[in-house]
Amino acid sequence: MPLESKRRFIDYFKNFNYEKLGSLIALAALFIISGIANPIFFRPLNIMNILRQISYVGTIALGMTFVIISGGIDLSVGSLMALLGGIMIIVINQFGGNVLAILIAMVVGAGLSVVLGFGTGLLITKGKIAPFIATLGTMAIYRSLVLYFANGGEYRSISSIYPKIGGGKIPLGESFFIPTPVIIFFVYAIICHIILDKTRFGRYVYAIGSNESAAIYSAIKVDRVKTMTYMIVGFSVFLTSLMLSSRMNSVSSTSAGLGFELDAIAAVVIGGTSMKGGRGWIWGTVFGAIILGIINNMLNLLNVSPYLQGAVKGLVIIGAVLIQRKRS
Amino acid sequence: MSKTILRAKKINKDFAGVQVLFDISISGERGQVHGLIGENGAGKSTLMKIIAGFLQPSSGRILIDNKPVNLKDPAMAKRMGITMIHQELNLVEDLKVYENIFLGKEIKQGMLLNKRNMIHRSKEILKELGEEEIDPLEDVRNLSVAKKQMVEIARAISENSRILIMDEPTSALTDYETEILFKLIKELKQKGVCIFYVSHRLKEVKEICDVVTVLRDGRVIGEYDVSNVSEVELANAMVGREIKNMYPQKPIPKDEVIIEVKNLNVPGLVKDVSFQLKKGEILGFAGLVGAGRTEMAEALVGLRKKASGEIFLNGEHVYINNYEDAKQLGISYLPEDRKQNGLVLDMNIVNNITLISLEKYMKLLIDKKKEMEKAKEYREKFDIRCRDLFQEVRYLSGGNQQKVVLSKCLEVEPQILILDEPTRGIDINTKYQIYQFIANFVKSEKSCIVISSELQEIIGLCNRVLVMREGKIVAELMGKEINEEEIILYATGIKEEVY
Ligand SMILES: Nc1ncnc2c1ncn2[C@@H]1O[C@H](COP(=O)(O)OP(=O)(O)OP(=O)(O)O)[C@@H](O)[C@H]1O
Ligand SMILES: [Mg+2]
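Here the protein sequences come in this chain order: A and B.
When you line the first sequence up against the working numbering, it's residues 151 to 478, in that order.
When you line the second sequence up against the working numbering, it's residues 366 to 864, in that order.
These aren't lab readings, by the way, just hints derived from the structure by calculation.
Do not take every clue at face value.
Unchecked claim - Think about it this way: if two alpha-carbon atoms lie no more than 25 Å apart in a straight line, the pair counts; the simulated SDA-like pairs of lysine to any residue are:
id : chain 1 : residue 1 : chain 2 : residue 2
1  : B       : Lys488    : B       : Gly655
2  : A       : Lys348    : B       : Leu775
3  : B       : Lys480    : B       : Arg506
4  : A       : Lys348    : B       : Lys374
5  : B       : Lys811    : B       : Glu835
6  : A       : Lys278    : B       : Asn686
Stated by the list, open to error - Which chain A residues stay away from chain B? Per the calculated CB distances, all over 10 Å, these:
id : residue
7  : Ala280
8  : Ala364
9  : Ala365
10 : Ile366
Treat the numbers as computed from the prediction; the structure is a model and nothing was measured.
Even glycine gets a Cβ: it sits at the ideal position worked out from N, Cα and C.
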């Protein structure tokens, strides 16, 4: 190979570094293996099912990507999701369950999610509490409130139209549908990608996560940017909450959103985003979420005990981080 | 027993297919100081890192005491008695001074750490370095860059190595500390230590080294006996062409004052600093390490809280509470510590340059093409040597990183440029370009403050020099008064003036 083209070839892979390539390769491999292991896997219905299942945690993970790249973490997403879902259902029932009621509930839910995210941001930036601790606190508070309002039971919506949001499908041809959550997830992913990759805010998120001091010396308003990442993750939780609570038309105060924080963080990390901050990308998170979804699906198809699925997931996460380590 | 202790033979090194060292052979003798000079990116640090086990050569052999060794990691090199002081600071900011000095070689008493002993030893070593005032119990975070460098040196000394590598140890030091360091180097020489000394300061190389190897573009250009070669000859060998007069003609400042600072105070660091800066003026700040120059500059641009102080810009009272305010007013500051404050090492060159001025590149989204074009301009202007502009700055040589920070600093389009150690780690050729640039910059009614521990730079460049000592301005020197002796007399407090 002539030297110049050889260099370009190398450059290509240098810029497309392998923490990025890694998650893509893993996804492709997993896809093929799954198909061979069980041909049912390739059926459009099954694929759509996987995509629908991942869109819930996936949407939260998209927001989490911002927080993690900026060097933070948010553990409260699972309980926040339950809380927002519960409150939206209360509002819907208050206003009689019609379209207007649903709109009001959505505005309340979205507004509250962003306000709570803002509060978390303040705790972390002005209160100087470590993100892990601050969100561990809010996680406990949110869950407790959800349980309290429902008295440990369930929030049940009286609306007959609400389920159309999360349970809706867009037909594509004769017997093929795309569930609305899948559409929301991918559209939101595109928006998040644009924000992270092509706006000032996104650039600042990377800078802060990588070297906060240098960000300050670059006249970046570090506190504001950090707070905004928590507002974004809050809004992402609202989207998921909307999709899930409407699909079930109810929210369980004990089990809704349980463990979502771990799955969301796992998706981000598997996608090649560094827990140390400063590095990462949105599509990685999308791949990470799909990888988790495929693993779950395949284990189900292969009749692996659900009790063992956690172990497999754990191994994948550890493997992903090991690959990242190797790089640096 | 032969005097040669280390021999590196036919060392080649490439990074992902890009070769940076070509067939390099170099050797070191007991009791010898071996200088290593060359332009930014010539491969000096890379070569030294290979000898200290931080990098592996692609091919070539290293012999110690005539026995081939495989320095597969720094620990292995350490066992062979090799220690390296890196070009960039490598201290753990959150640990105390003594903990840093004994990092990885803690003194123990049974299972427990013998803190008392370590603190005591640290005191001794620091005293040897003339740094009695550094408290071993201080957090490293709170030290100035120069003090950190001295701690770094203390850590290396405490290894009692046979081969000591110093990669630009003095780039953050003033003449005063440099002198102490040289005394120490001479003592080590007496003890038979072999020292490799990397520097861009040819004067120092002449003074302290016995032999000097010149690298250019990854190749050895020659090895010279220092006593037979002049500074100019070395410079020419390094650059491959003749160097003209280093400093441009001094500009003629206007009469109007662009900025006036009145009674600036930072508790414990800066005391009642007042000065004026004229349009078209280059104003130098000289002083020993710890004199408060950096702190003064940081307080001025809002990066550090000031207890009091008023700032007048073009006669108008302005308030600068954070760096954003300063930026809006057209004041730009080049930080002293590039790794800590100047650069985001994970980001590429383009993004680092535009980080401070992204608003200029906004359409609806960031205009990446425009960013790229701007970055190309700077690459031309300062001769930034890189594989391409998407290369992460962590992979650039030290001097080239400095050029990136300087570019970033200009992105603000400042009318007042405050440069803190602007040519730290920069080679002669680029230094020359930067001096030219500063001279041109002030021609258009703009002004520049230069803080530098390199006296020659201050002397050669500035219209006026303010000398600081212990947080106060102790002298104002102009014209003929700007010379080495005067500055040192005031900086050390031997001579006092009521300013
Ligand atoms: N880890 C790395 N990956 C890729 N390229 C590298 C890496 N480290 C160094 N380089 C390249 O190798 C060349 C030599 O770098 P080196 O740091 O040895 O220069 P130097 O002579 O020490 O320069 P300076 O005077 O600026 O410190 C440079 O072009 C640099 O970009
Ligand atoms: Mg170097």
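Now the hints, each set against the structure:
no. : hint                   : in the structure
1   : B:Lys488 with B:Gly655 : holds (19 Å)
2   : A:Lys348 with B:Leu775 : holds (23 Å)
3   : B:Lys480 with B:Arg506 : holds (20 Å)
4   : A:Lys348 with B:Lys374 : violated (48 Å)
5   : B:Lys811 with B:Glu835 : violated (29 Å)
6   : A:Lys278 with B:Asn686 : holds (20 Å)
7   : Ala280                 : holds (14 Å)
8   : Ala364                 : violated (5 Å)
9   : Ala365                 : violated (7 Å)
10  : Ile366                 : violated (7 Å)
In this structure, the hints that do not hold are numbers 4, 5, 8, 9, 10, in rising order.
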